[in-house]
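Student: Hints in hand, dock the two standalone chains.
So the protein lines, in turn, are chains A and B.
The first sequence maps to residues 1 to 814 in the numbering used here.
The second sequence maps to residues 1 to 148 in the numbering used here.
Possibly wrong hints are sitting among the right ones.
To give an idea of the chain B side of the interface with chain A (calculated C-beta under 7 Å), a few residues [unchecked claim]:
#1 Thr32
#2 Val34
#3 Glu103
#4 Ala107
Simulated from the structure, these hints should not be mistaken for laboratory data.
Backbone N, C-alpha and C fix where the C-beta goes; we use that ideal spot for every residue, glycine too.
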Amino acid sequence: MDGIDEIVREFLIESSENLDQLDQDLVALESDPGSRDLLSSIFRTIHTIKGTSGFLALTDLERVAHVGENLLVELRDGKRVMNQRTTDVLLMMVDTIRALLTKLEETGEESGVEVDPTIAAIQATLDGEPLPGESDAAEADTAESDTAASEAAAELDSAAAAQSAAGAKPAVTTTPAPEQDSDLSVSASEPAQLAPSATAPAKVSKAADKKSSFDATVPAQASTGIIPRTANAPEAQEQAPAAQSSVKHSADSSIRVDVALLDELMRQVGELVLVRNHISQLAGFESGELLRSSQRLSLIASELQDGVMKTRMQPIEHIWAKMPRVVRDLAASCKREVQLEMVGGETELDRSLLESVKDPLTHLIRNAVDHGIEAPDVRESVGKPRTGRLRLQAYHAGGQVVVEVTDDGAGLDPVKIGAKAIERGLKTADQLRLMSDSEIQNLVFHAGFSTSAAVTNISGRGVGMDVVRSNIEEIGGVVELESHPGTGTTWRLRIPLTLAIMPALTVMSGNEIYAIPQANLLELVALDTRKTKEAIEEIGGCEVYRLRGGLLPLVRLTDVLGNQSQPGDNAVIAVLQADNQRFGLIVDHVLDNQEIVVKPLSSLLKSIGLYAGATLMGDGQVALILDIPAITRRELNADVTDALALEVNKHVEAAVADSTEYLVVGVGGSPLRRIAIALADVTRLEMFQVSQLEAVGSREVIQYRGDIVPVRWLGSLLGAFGAPETAEKPTVIFTRGDKTVALVVDEIIEILDDSGAVSSEVSNPGLLGSIVLNGAVTEILDTPAALVAADPTYFDADFAHADEMAFDEILAGA
Amino acid sequence: MATSYITFTIADGLYGIEVLQVEETLGHLNRTPVPLAPVNVAGLINLRGQVVTALDIRPKLGLEPLAPTEESMMVVIENGGESLSLLVDEVGEVLTVEDADFEPSPASLSEQMRELVTGAYKLPGQLLLTLDVAAATAAYEPAAAPAA
Chain A
1 MDGIDEIVRE FLIESSENLD QLDQDLVALE SDPGSRDLLS SIFRTIHTIK
51 GTSGFLALTD LERVAHVGEN LLVELRDGKR VMNQRTTDVL LMMVDTIRAL
101 LTKLEETGEE SGVEVDPTIA AIQATLDGEP LPGESDAAEA DTAESDTAAS
151 EAAAELDSAA AAQSAAGAKP AVTTTPAPEQ DSDLSVSASE PAQLAPSATA
201 PAKVSKAADK KSSFDATVPA QASTGIIPRT ANAPEAQEQA PAAQSSVKHS
251 ADSSIRVDVA LLDELMRQVG ELVLVRNHIS QLAGFESGEL LRSSQRLSLI
301 ASELQDGVMK TRMQPIEHIW AKMPRVVRDL AASCKREVQL EMVGGETELD
351 RSLLESVKDP LTHLIRNAVD HGIEAPDVRE SVGKPRTGRL RLQAYHAGGQ
401 VVVEVTDDGA GLDPVKIGAK AIERGLKTAD QLRLMSDSEI QNLVFHAGFS
451 TSAAVTNISG RGVGMDVVRS NIEEIGGVVE LESHPGTGTT WRLRIPLTLA
501 IMPALTVMSG NEIYAIPQAN LLELVALDTR KTKEAIEEIG GCEVYRLRGG
551 LLPLVRLTDV LGNQSQPGDN AVIAVLQADN QRFGLIVDHV LDNQEIVVKP
601 LSSLLKSIGL YAGATLMGDG QVALILDIPA ITRRELNADV TDALALEVNK
651 HVEAAVADST EYLVVGVGGS PLRRIAIALA DVTRLEMFQV SQLEAVGSRE
701 VIQYRGDIVP VRWLGSLLGA FGAPETAEKP TVIFTRGDKT VALVVDEIIE
751 ILDDSGAVSS EVSNPGLLGS IVLNGAVTEI LDTPAALVAA DPTYFDADFA
801 HADEMAFDEI LAGA
Chain B
1 MATSYITFTI ADGLYGIEVL QVEETLGHLN RTPVPLAPVN VAGLINLRGQ
51 VVTALDIRPK LGLEPLAPTE ESMMVVIENG GESLSLLVDE VGEVLTVEDA
101 DFEPSPASLS EQMRELVTGA YKLPGQLLLT LDVAAATAAY EPAAAPAA
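Isolated chain B, as found in the complex (with noise of 0.2 Å):
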């Protein structure tokens, strides 16, 4: 069984989510802050007439968030009916993976870090590590989990 992903760097990581999940990549767009909002919530960006919530998913891999004026490509993915769009840095091919490549996040990750990462795609030189969409688009609250 092969499955197919569309890829993208976010700092130096490959990231990977499956493509029936992703409606559409997009180049930058202007991000209107939510003052108040959690930290993974880049801010609002109008998506051809639709308010779609931009989320920054640094923080949740343990890096500094975007800062809110700085360009950045995004995924915009269908999570729950409503649609949300990934900052990323770069988007890359659409990838198509064979199964057997698949091994599941070690168990030295943090848990917090395995719910969002699923596992990782043994790649020629490099690792594709596979996003889980529930858990990337969740709020994100310093104070549950301090950032690490």
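Excised from the complex, chain A in its bound form (with noise of 0.2 Å):
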């Protein structure tokens, strides 16, 4: 189980329960066979399925889950009605997805179980045809009266064991259904075998059992070949205690904890630190023994209190670990170029929130791989870089938490869409001329709606836009569309903070403390009594301060709050930023950087708009946290700071879009030449013993995952010489389709971005000039030439095995 990807397991688990939702669903279905929310669930979840062992390269699983797709969408579009075949071949794609994951779990891959006959027998359904020779029932027959047979054996076993050994050869001999039952005579002639003591043959009768009623739940796998595999019985007695201890392995792993039932612990943690606050006071005025069990009382209390918090809190790169793996082999499925950038990995969240967002998160990441950004060589026509980049960011914005997706791709079409839908009968020519751009893009989110011309097993079946929408939507947050045609798109997903716990300010006002999330937070400056007066001039009645030479509108938050304004001695400003615009907020008082867990405000309150949830103070105080943004839009005119902004902006993302990320190495002895790779080229860094490398012919080459990797030092092709001479060497690894090479190095040093780097050119061969990377003068490696020299053919290779390759991988990190 260790081999097992935490991928892997995750999505075995979710899939679990999802196969458990699945039976249900359409065993309901086939008694209301009209139902929308059954069907749309039903197709949600093998669409999940298929997606996701899309992205694993689990390729049975996902050509069950696809073709068992095809036939829901016939359902869902109305062009099939429900009836016993249909539900029967439904049923029968359960199964097999089912022993597909069972599989998964216990031998770390997919191959063993046989799923063309479901294929065959679902694509038969479709095309209208009989099944694949009726024998299905009669199989299903067999496979029933079989069961009888083990049950039988598995009776007659134990009783055996109790007898003698010779007993339990007649007793299987009689039983009919002569061909599988071999293998049963097997499983009840094994103790006799095997084990003459009570004990074994108790143990078998048990594996029996449990197989017996395996078989009995799932009679439809009779033609999937299934059978052979669970009835033969050496084989089930070791695979049962197996399956039992993988299964509780998952369990432990990972325990999925009902949220209300963390949220009646904190309550309860906070019941128990009142009691603990009351006993330190009256212990307070004791000493020895009760002073001595308080203090621990409250040591714990503290602890149990963080720990239950943090049950709930995770940061966001708990989901987002998974996306470069993801994305990498999506691009290499689609042909696509992606970098793949991710910022604010540290925000936090809770961690039901989190869950709801993952599912979303990767269908918008899949959406703009596959449909965001286009092949590399039109990229290239319309005078974009060949990589495409694809931003993931998230930060607290406005008392949410904002998780953005980024392409720069092509865009979202109005016109396209426009048209699609209008095919589709969404809607009419004349009410699309009523509606904006974003308006016509935003129906993408409509159900059944896509744009991709050919449904490819990637997405373009219009379920994905649909499931994030009605995800985030349940957790009581937005998704914002913002595309621009031919420049890239932007999801936005707005998620309510609830629980989240967010760095803040806390400052006085009057005698009321109040917290500013970090997020907003830009500096502070303090002004005293004597400058006050000086430093706050005034424009039109506005109050400003100059702040380095510009001027900043300042906003009292007395006057915000409606409060009496009683001018201090002292005032703070707080320079805030939101929705692109900057302002100071004058504040009584500065107290406290502190981390706050935000609770969610009454109904009440939330319509007041000014504060975004309340927190406690350590003295149990509450203290009300504002909301930033909607402060700005309530005092601030918006277009005076926009374009001073805008152009900050700018400058920002300029210097960001212009840099390139380099692996920095070191090779060669005294000097040691610091040599910079372009980190989109590397696929890996390995560690490998010198004695593993063996040579063919002239070449050097390394076993590397079951591929023989040709191998170049760095070092020699360079003129770098005098390495001191190791066992173990650094290695960097680069896999281009299905070749791979590998380049050692003597170091590895450093990953840094050039932004800024100054640099200049040298004609060194293999290299492509210098640079100034972190104060020292590195190289850049000319990684194309160097890869040539270790493997003439690789530029040859296309992606015509790219699949595969992605499948070897997988097979190789299990």
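Tutor: Take a look at the structure:
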């Protein structure tokens, strides 16, 4: 099990839950064939399984789900009515998927389960042909009689064990069903041969029981080739405990806890803290035992409180961690070049929200890679870099967690979407004329809408956006779409905080404490009595402050809150930014910087629109959290600061866009030469024993993940020698399609981006030039030249085998 | 049929809320004022780690709202999935009253009062006014209905 990827394990847990639901839904659907809710639910489940298995390169699983989905599409579109046979094949599909998942969990791979009969049966149903040899029913019957036989055998078996080993054989020979029973006879006679003791037969009969109950619940599997596997007695004997332990393992490493239970725990911990405070108070006047006990209680209660709180909070990184892999595999299968950037992974989010964000995010990323970013050739022809940029960003804003997925691809074309909407009958041409471009773009959230010309394995059934929106809205969030045809698309998920923890600045205004989210805070300017009067100037009754030469509009918190304004002796300007606007908020004092837990406000207070929530201070007092964007909108005239802010942002973005990330490695002895390799080209870093290198002719190769990979020493390639001889060398792995090349270096130094770096061109073979990175001159490797030197055919590879490659890698990783 | 009410006094009146709708009764807790909130929002309290909105129904009863610093007992009720705390002068006993003693509010009462006070139980020497929880917890804007 350790071999199974985290991502695969999550998929298994999630899918098995989904499958249970699917069983219920399908049966319910049979009695209520017209239910669109049920159909949509089933469709989404299968779609999700298909999508995920696609990423994981579980081809069998994907094939089954894909053909099943085809059938479901017809059902959903009303082209087909649910009947006995449809239900049968769909249940059969569910069973096959379950068998594949079980196999995957047990062995880490999906091979060994026959999927073709299921696919054929579904396809036949789709085509309206009779089932491939209506033998299915017959087979299922045999399976049932088979089951009965195995039960009988099991019973007899234990009876036999009680008597003698010889008793087992006649018992088996009397059972009917001739063919498949040969397997069972093994199971029954096994104990006789293996262990005459009473315990061993009992074990086998248990295994047989388990197996028979398995068969009984899924008779349709008779045709999927499951029976031969499970009915194989020696294997079953080993497998039963194995299956048990693996199931336990999954459950051990990940427990799903009801959020309501966590809430309850949290509440109880709150009460505990209250009691603790009381006891500390009482103990304060005592000494000795009571005091010590109360201090200990105090410590434990605090730790417990922290722990319970943490159970609910997780950085969004947790779900992002899998994205690079997802993007990489997906890009390979779609023949795209994609560079993924992730910013703000430390943003914490309530666990339950995190769960709900995962699927939508995956859908958005799939869409961005498949639909958003164009093929490299297309990109080149419109003057974009071949490699598309996909950016994931998370941050707190306006009392919400915002997660953005931005690509620099083709964007959503309102004309195409409009045409599609008319074709689908969603809108009339007249209606469209009245809609703005962004309104038209938002039509993609409509269920059953898809602009992809061809339905691919990845996406294009119009279910993705539907799922994204319904999932996000379920947790009270919003999905925003911002797309410019030709330049890219940004999907913005706004997720409510509820229990999110955020860093905040606490300030005093009057006698009350307020919290200002750090996300909005740029800097603090303290004004003392003497300076206050001159420092704050007025323009037409509005206060402004000269901040490093620019005029900063000022807003007094007391005015915002409608309190009596009493300009105190001291004041602090908190320079805030929201919605691209910057202003100074005048408060009386600044107290502290702290991590606060956001508590939702009663609906009575939400409508005020000034507060993002409330929080508890250390002394138990309640403090309100200011909703800075709302205050900005209320107090500022949008145009004033807009232009300036945009200008600043442009500069920042330009700097980011121009930079390239480099892996800096060292080769040679003294002096060590710093060589920069464009990080986008690098696949992995590995450590190899020098003794692992083998020779093929004059070339050096290494066995890596079941392949023979050509190896070159970067030092000798660039004429840098004198490196200390070590048994182990760091190696940079490059992969393109099914070609892999390894470059041995002497040291991995760092990863840097070149923004603002000074560069020059030197004419040395194998190098592109040099650049100052982190204060040291670094040579930039001509990566293609080095790779061709290692494997002259490296760039001949096309991506025909990309899928197999990804699959191999999964296996190798498993 | 008999119904049980938690009773409490506000000014000189005796009021009751059905026991099943009451979560607990509390002594005084500090309230954090909420600027710009509706008049009947008395502030936020920390109820064992939960932020609960404290409501003052005095304005709805035509009385002056309680001063922010004034101490008050509280009755915590549940409405629409959230807990809210009503400020009261004193929490009394749980009374079980007979339906036969109940009379709906008189027609002479203003409509707003009739929404809040659903009726009265005729106790010996005193009336127990029953409050509607939804009406008691709704936002109260003086602009919409000027305080009597």
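Student: Hint by hint, note whether the structure agrees.
Tutor: Hint-by-hint comparison with the structure:
no.	hint	verdict
1	Thr32	holds (4 Å)
2	Val34	holds (6 Å)
3	Glu103	violated (31 Å)
4	Ala107	violated (30 Å)
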